[in-house]
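Protein chains in written order, with the UniProt record's numbering: chain A, 1 to 173; chain B, 1 to 294.
Some hints here could point you the wrong way.
[To be verified] Among the chain B residues that face chain A by a calculated CB cut under 7 Å, a handful are:
id, residue
1, Y5
2, A8
3, F44
4, G158
5, N284
[What the hints assert, rightly or not] Below 27 Å or equal to it, Euclidean Cα-Cα: the simulated DSS-like pairs (lysine-lysine) are:
id, chain 1, residue 1, chain 2, residue 2
6, A, K56, B, K48
7, B, K33, A, K87
8, B, K48, A, K62
9, B, K148, B, K88
10, B, K115, B, K171
11, B, K41, A, K64
[Claimed, not checked] A few chain A residues facing chain B, derived, Cβ under 7 Å:
id, residue
12, S23
13, N28
14, V44
15, F48
16, K50
17, K83
18, L86
19, E110
20, I169
21, E170
Please keep in mind that the hints were generated in silico from the structure rather than gathered at the bench.
All values reported here derive from a predicted model rather than from experimental measurement.
Virtual Cβ for every residue (Gly too), placed ideally from N, Cα, C.
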Amino acid sequence: MEKNLVDNVCEEKVYERVYNTYSEVINNYFYYKFGNQEMAEESVQEAFIKLWENCKKVPFAKAKSYLYTVVNNLSLNRYKHKKVVLKYAKTVPQQTEDMQSPDYKMEEEEFKVKLEKAIQDLSEKQRTAFLLHRIDEKSYKEIAEILNISVKAVEKRMQKALESLREKIEAFK
Amino acid sequence: MKKKYNLAHWLDNKIEDQSIEDVSGLDTLKKIKHYSRQLEKPEFNKDKVLENLKSTRTTKKKKFNWSIAASILIILGISSLVFILSVKDFTSQINSQETVLLPDDSKVILAQNSKFQFNNWFWNFDRTTKLNGQAYFEVAKGKTFTVKTNFGKVKVLGTRFDVKSRDSIFKVVCYEGSVKVTFKDEDNILKKGQFITYQNGIKLEQSNIYNEKPEWISKTHQFKGVSLSEVMQQLEQDYQIEVDITQVSEDKRFSGTLPSDSLSLALDILSKTYQMNFSVINENKFIFVDNDQE
Numbered sequence: 001m002e003k004n005l006v007d008n009v010c011e012e013k014v015y016e017r018v019y020n021t022y023s024e025v026i027n028n029y030f031y032y033k034f035g036n037q038e039m040a041e042e043s044v045q046e047a048f049i050k051l052w053e054n055c056k057k058v059p060f061a062k063a064k065s066y067l068y069t070v071v072n073n074l075s076l077n078r079y080k081h082k083k084v085v086l087k088y089a090k091t092v093p094q095q096t097e098d099m100q101s102p103d104y105k106m107e108e109e110e111f112k113v114k115l116e117k118a119i120q121d122l123s124e125k126q127r128t129a130f131l132l133h134r135i136d137e138k139s140y141k142e143i144a145e146i147l148n149i150s151v152k153a154v155e156k157r158m159q160k161a162l163e164s165l166r167e168k169i170e171a172f173k
Numbered sequence: 001m002k003k004k005y006n007l008a009h010w011l012d013n014k015i016e017d018q019s020i021e022d023v024s025g026l027d028t029l030k031k032i033k034h035y036s037r038q039l040e041k042p043e044f045n046k047d048k049v050l051e052n053l054k055s056t057r058t059t060k061k062k063k064f065n066w067s068i069a070a071s072i073l074i075i076l077g078i079s080s081l082v083f084i085l086s087v088k089d090f091t092s093q094i095n096s097q098e099t100v101l102l103p104d105d106s107k108v109i110l111a112q113n114s115k116f117q118f119n120n121w122f123w124n125f126d127r128t129t130k131l132n133g134q135a136y137f138e139v140a141k142g143k144t145f146t147v148k149t150n151f152g153k154v155k156v157l158g159t160r161f162d163v164k165s166r167d168s169i170f171k172v173v174c175y176e177g178s179v180k181v182t183f184k185d186e187d188n189i190l191k192k193g194q195f196i197t198y199q200n201g202i203k204l205e206q207s208n209i210y211n212e213k214p215e216w217i218s219k220t221h222q223f224k225g226v227s228l229s230e231v232m233q234q235l236e237q238d239y240q241i242e243v244d245i246t247q248v249s250e251d252k253r254f255s256g257t258l259p260s261d262s263l264s265l266a267l268d269i270l271s272k273t274y275q276m277n278f279s280v281i282n283e284n285k286f287i288f289v290d291n292d293q294e
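Throw the hints in and build the complete structure from the sequences for me.
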């Protein structure tokens, strides 16, 4: 009985559960890709409407991969890309307090700005993978699922992203 | 292979800082690792989006239904137009009969002052006809043949029968085969030589008949045990006259044949049978009185 219930995404409760589990990461994915919050939300809607329309064909266990497939197939040409604007949470200094020089705070703020710029300049693919890992704390395996690529390919993107970020940040100096 | 993406593994905390000590810019990389973790998630109003989602979901559904409804309407419209265009109407005038041949060679003889309708193009799919008045049918064998009238329905497969649906009378006579008569929710099967009559919504009689064809076709009327007033009603209808029998005392039932194309002969037969005289008021009005000579 319960299995039946769980199996049916057409069931409002199950549908909402799927929504609650995956909507945020899908939203963030689109935001990292295009930097457009409005567009990210609309894409989430589109993906979940598709899921609803096909809810009879998609068992609960397949909802995740179905959503990610939809996400990667959405035609998004109508949106303009924007800069990905990011905020930093409360500052946790990299070094312990006794190591901090008077200039340390300023230097730190400077670095953060450089990092954000460098992230904005990353390619779409690198930025998306990088931020899903750093912000959403997704494992490489999960990122591979979301982007519909292999784990190796994710590792490559991360590697390239790191190298490119370092180069850019050092170039800003 | 593992070495190739060592930075990726280091970022994922799979390997220690020491493993990548030889990489240039390690200091910057450490900073990237540290500060990128402090980035906040972008804004996402989960509930608002879900709300929107639900409303779009329903409107989408509605739109979907509308388009289906619209196409159904268009199809219905076109087909009913075709249907209406292919309906054929026949009306027989007062005092004249009309013979209609249907696409499958079924024959319909309309009694005077009757209306008949059928659909020419759809005939092979649907042998349904409409009748208002009286008609005699000789139906070719085939799919169910239906006669709809204001009062009831008659269904047959292939046979000869007569349907009368006039004023408040609904009468069906079966001359061959069998017919199914539907009146309100009641079904009656008539076999050869049987007839059924309804009047004012009540079954009046169901009995047998012995002639081969209705009298009106052979321009005679057969009566069997009917009251004088009924005979006169038939006469009034056949000849478009008015007959006054209020002064006739005799009330015996009449059985016999009256012509429907010779008024003088009919009047003569009646006055002899009932021992009464009639006087002509004018061309269309007659009064019968008792013949007091006896």
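To see whether the hints hold, each was checked on the structure:
The restraint placing Y5(B) at the interface with chain A holds, with a minimum CB-CB distance near 4 Å, inside the 7 Å limit. At a threshold of 7 Å, the smallest CB-CB gap from A8(B) to chain A is about 4 Å, leaving the interface hint in force. Taken as an interface hint, F44(B) checks out: its beta carbon lies about 4 Å from the nearest beta carbon of chain A, inside 7 Å. The closest approach between the C-beta of G158(B) and any C-beta of chain A is roughly 49 Å, which is over the 7 Å cut-off, so the hint fails.
The beta carbon of N284(B) comes no nearer than 76 Å to any beta carbon in chain A, farther than 7 Å, and the hint placing it at the interface is violated. For the hint pairing K56(A) with K48(B), the CA-to-CA distance comes to about 25 Å; that is within 27 Å, so the pair holds. Distance restraint check for K33(B) and K87(A): the Cα-Cα separation of roughly 16 Å lies within the 27 Å cut-off, and the hinted pair is therefore satisfied. As the CA atoms of K48(B) and K62(A) are separated by approximately 25 Å, the hinted pair is consistent with the 27 Å bound.
This hinted pair checks out: K148(B) and K88(B) have alpha carbons roughly 15 Å apart, not beyond 27 Å. For the hint linking K115(B) to K171(B), the alpha-carbon distance of about 16 Å falls within 27 Å, and the restraint holds. For the hint linking K41(B) to K64(A), the alpha-carbon distance of about 21 Å falls within 27 Å, and the restraint holds. Because the smallest distance between the Cβ of S23(A) and any Cβ of chain B comes to about 6 Å, under 7 Å, the interface hint for this residue holds.
The beta carbon of N28(A) comes within 6 Å of a beta carbon in chain B, closer than 7 Å, and the hint placing it at the interface holds. For V44(A), the interface hint holds, since its Cβ comes within 7 Å of a Cβ in chain B; the closest pair sits about 6 Å apart. A cut of 7 Å between beta carbons decides the hint on F48(A): the least distance to chain B is about 5 Å, and the hint holds. Taking 7 Å as the C-beta contact cut-off toward chain B, the hint placing K50(A) at the interface is violated, the least distance being around 11 Å.
For the restraint placing K83(A) at the interface with chain B, the shortest Cβ-Cβ distance is roughly 12 Å, beyond the 7 Å limit, so the hint is violated. A hinted interface residue such as L86(A) counts as satisfied when its beta carbon comes closer than 7 Å to some beta carbon of chain B; here the least separation is about 5 Å, so the hint holds. Here the hint on E110(A) is broken, as its CB sits about 11 Å from the closest CB of chain B, past 7 Å. Checking I169(A) against chain B: minimum C-beta separation of about 5 Å stays under 7 Å; hint holds.
Hint on E170(A) holds. Least Cβ distance to chain B is approximately 6 Å, under the 7 Å limit.
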